[in-house]
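Starting from the structure of chain A, add chain B where the hints point.
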Amino acid sequence: MIKNKLNEIVSHKTKLLVLILAILSLSACEKTESETSANDSASTEKVEQITSESSNLIAEANKQSAKAKEVGFEWSTTQKLIDQAQQAEEAGDTKLASELANKAIKESKNSLAQAKYADEHWQDHTIN
Amino acid sequence: MNLIKTNKFHWLAGIATLLLSVSVHSQNNENKQSSFQENVKEDIQEFRDFYSKKFSNIDINEFKDGVYAIDAKSREQWLEIEEFAPYEISVEEGEEAFGETFANGKSYIDCFPKVEDGIRQNYPYFNTETNQVITVELAINQCRKTNNEKPLAFGNGTLADISAYISFASRGQLLDIKLPNEKAYDAYMAGKKFFYSKRGQLNFACADCHLQIAGSMLRADLLSPALGHPTAMPVYRSNWGELGTLHTRYAECNKNVRAQPLELQGEDYRNLEYFQTMMSQGMEVNGPSSRK
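One line per chain: the protein sequences are A and B, in this order. Residue 128, in this note's numbering, is where the first sequence stops; the numbers in between run on with no holes. Residue 292, in this note's numbering, is where the second sequence stops; the numbers in between run on with no holes.
Heads up, a few of these hints could be off.
[Said to hold, decoys possible] Simulated coverage check for chain B against chain A, where a stretch passes if three residues somewhere in it have a Cβ under 8 Å from a Cβ of chain A:
| # | segment |
| --- | --- |
| 1 | 125–137 |
| 2 | 151–158 |
| 3 | 190–198 |
| 4 | 252–260 |
[What the hints assert, rightly or not] Restricting the straight-line Cα-Cα distance to at most 30 Å, the calculated cross-link-like pairs of lysine-lysine (DSSO-like) are:
| # | chain 1 | residue 1 | chain 2 | residue 2 |
| --- | --- | --- | --- | --- |
| 5 | B | K41 | A | K116 |
| 6 | A | K69 | B | K255 |
| 7 | A | K69 | B | K145 |
| 8 | A | K116 | A | K80 |
| 9 | A | K63 | B | K193 |
Just so you know, the hints here were simulated from the structure itself, not pulled from any lab data. Even for Gly, the Cβ is constructed at its ideal location relative to N, Cα and C.
Chain A with its partners taken away, still in its complex shape (with noise of 0.2 Å):
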């Protein structure tokens, strides 16, 4: 009973590092496949850490936007940012994809902190 679990837990666990390896190993192919096949093994690496923090901020700006758009005070800016981000990574450009995740982050929090004004302050703004 107890080992079936675990099992399952495991079989669970490697069916997601290896969804993780193989994204990151696409990832890195995008970005190996524009540089000589002469690279060494060791800068591969170093684009894989790069790329992986870039898309992980993304990861969260989708994550924090789509909290946003559920209380329904998602701004029309974030997207287009994230959209941008997304389009920075592919083309290799990881700084600038980590900055406009970052402000597309930043910009889901400024709205989900309005929803909670709202929620808290709208009486205050009425006119009675």
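The following block gives chain B in isolation, referenced to the frame of chain A:
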């Protein structure tokens, strides 16, 4: 013995409190019913008072003309445009579409039997079975759905045309919006909250532009009073080059403050329309109309 007595006492006291609270509760419900009706009545009065004070030289019933009620200069031009109204074709096409026979042999008239007497003044209404606000546009698509027809796109096109025809046939009727129960009051309050909440990157509420600074210029636009907003819908806007519904306008006002527009005919906009129309209670239906 003593122990039992106190226990019994507790037990009795418990029942008494329970009974008391039940009766208080049902009384509360009645009080609530009348109190939320009262709240809304007060809101309507305060809303009207605000604009009559702000625009003391304008008769309150004029606000049905939107920005042209407060802008004498462009009013002249607008009245000329209304004579050869750009929405006339839409009304005709709307009437034609309204007469369409569905595949099952029925038509819109089965859903809106009193259309020719005027029905727009009763929209939006709160459906107490489904607990949602029903706008004219939603009702049109619900009629299609009931008759196994595909829904029309919200916002413009044929659906806006039919809405224009319905408004046209209802001209002169006075808005008569009902608040049937507490759930309806919740929907009303949600709309009220939307109206007064700041949104978007520019952090503006509807009330900021259409209440606090109504009558001021915002770039090239004079800001209309929110009182009377729904009466003239749908409108043909030269800027759109076509007819659009109230929700099309909501989406645009959201975009202008860099807020992501919400779903047309979704719950948020329908509740907002419920609140806005309630505020314009008693005003004359004069749609469709033209706008710049």
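Check: What hint numbers does the structure not satisfy?
Finding: As far as the earlier hints go, 1 and 2 are violated by this structure, in ascending order.
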